[in-house]
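Colleague: Heads up: the protein sequence lines correspond to chains C and B, in order. Letter 90 of the first sequence, counting from 1, is numbered 202 in the working numbering, and no numbers are missing. Letter 80 of the second sequence, counting from 1, is numbered 82 in the working numbering, and no numbers are missing.
Where hints are given, some of them may not hold.
Ranges of calculated distance between the beta carbons of each label pair, as one might list FRET restraints [what the hints assert, rightly or not]:
#1 C:172 / B:89: 28 to 34 angstroms
#2 C:153 / B:86: 22 to 28 angstroms
#3 C:119 / B:58: 27 to 33 angstroms
#4 B:98 / C:173: 19 to 25 angstroms
#5 C:129 / B:87: 38 to 44 angstroms
#6 B:86 / C:222: 21 to 27 angstroms
#7 B:76 / C:119: 37 to 43 angstroms
#8 C:129 / B:19: 44 to 50 angstroms
#9 B:24 / C:151: 22 to 28 angstroms
#10 B:87 / C:113: 21 to 27 angstroms
Just a few of them, taken from the derived set where beta-carbon distance is under 7 angstroms, the chain C residues facing chain B [as the list claims (entries may be wrong)]:
#11 144
#12 156
#13 181
#14 202
#15 213
#16 217
#17 220
Incomplete in silico selection of chain C near chain B, CB under 10 angstroms [as the list claims (entries may be wrong)]:
#18 121
#19 150
#20 153
#21 154
#22 155
#23 204
#24 218
Think of the hints as simulated: they come from the structure by calculation, not from any bench. Think of the CB as a built atom: it goes at the ideal place given N, C-alpha and C, for glycine as much as any other residue.
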Amino acid sequence: AQSVTQLDSQVPVFEEAPVELRCNYSSSVSVYLFWYVQYPNQGLQLLLKYLSGSTLVKGINGFEAEFNKSQTSFHLRKPSVHISDTAEYFCAVSRGGTSYGKLTFGQGTILTVHP
Amino acid sequence: GAGVSQTPSNKVTEKGKYVELRCDPISGHTALYWYRQSLGQGPEFLIYFQGTGAADDSGLPNDRFFAVRPEGSVSTLKIQRTERGDSAVYLCASSLTSGGGGEQFFGPGTRLTVL
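Start from the sequences, fold in the hints, and give me the full structure.
Modeller: Quick look at the structure:
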């Protein structure tokens, strides 16, 4: 089985500051890794994913994440945030190489960007 | 094109009642997932359909929960004898492929409140 831990439940930052949202996972097998964003009153939207290859993954809206196998981490970063980035962010894993993508999610991190 | 839609958006019911939650996936998506999101938590997997069949129902909490997808498109999640602990947001997602790395597109969810 897989599990995901998001180390911060809330992250407040000022506009144009950099941000890092932390995610650690546990799994005895290879995994695929995802970051989803949930804006208020909207469905979950995929930001980026890591399946294989380069450990630095770039996604939409200027976000990127780095897969670190030795530390079992997949932290999300953005060099300069905007007010519109205020949302809840979820890290998720699915079992690598499987025929379907059952996702295990972390508890979520609420990012609040202040002017 | 249209995304995943879910109806109703909100459902309030009394303890012991029966409810049905509907999911319309993106046209052509063969894989369909149901998740449940309790307050302050990340989504938790309930069930996965590939076509018309439930390929993995390991996340259904008990036999009061049942889901169908008779024609391989629309899916209905059915909850019998609802309990207050069933209160949550029920999310549906669909994916073009069933592969583990495929993007899941989420609906806005149905917020179920059991009084």
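Colleague: Looking back at the hints listed earlier, which ones does the structure fail to meet?
Modeller: 13
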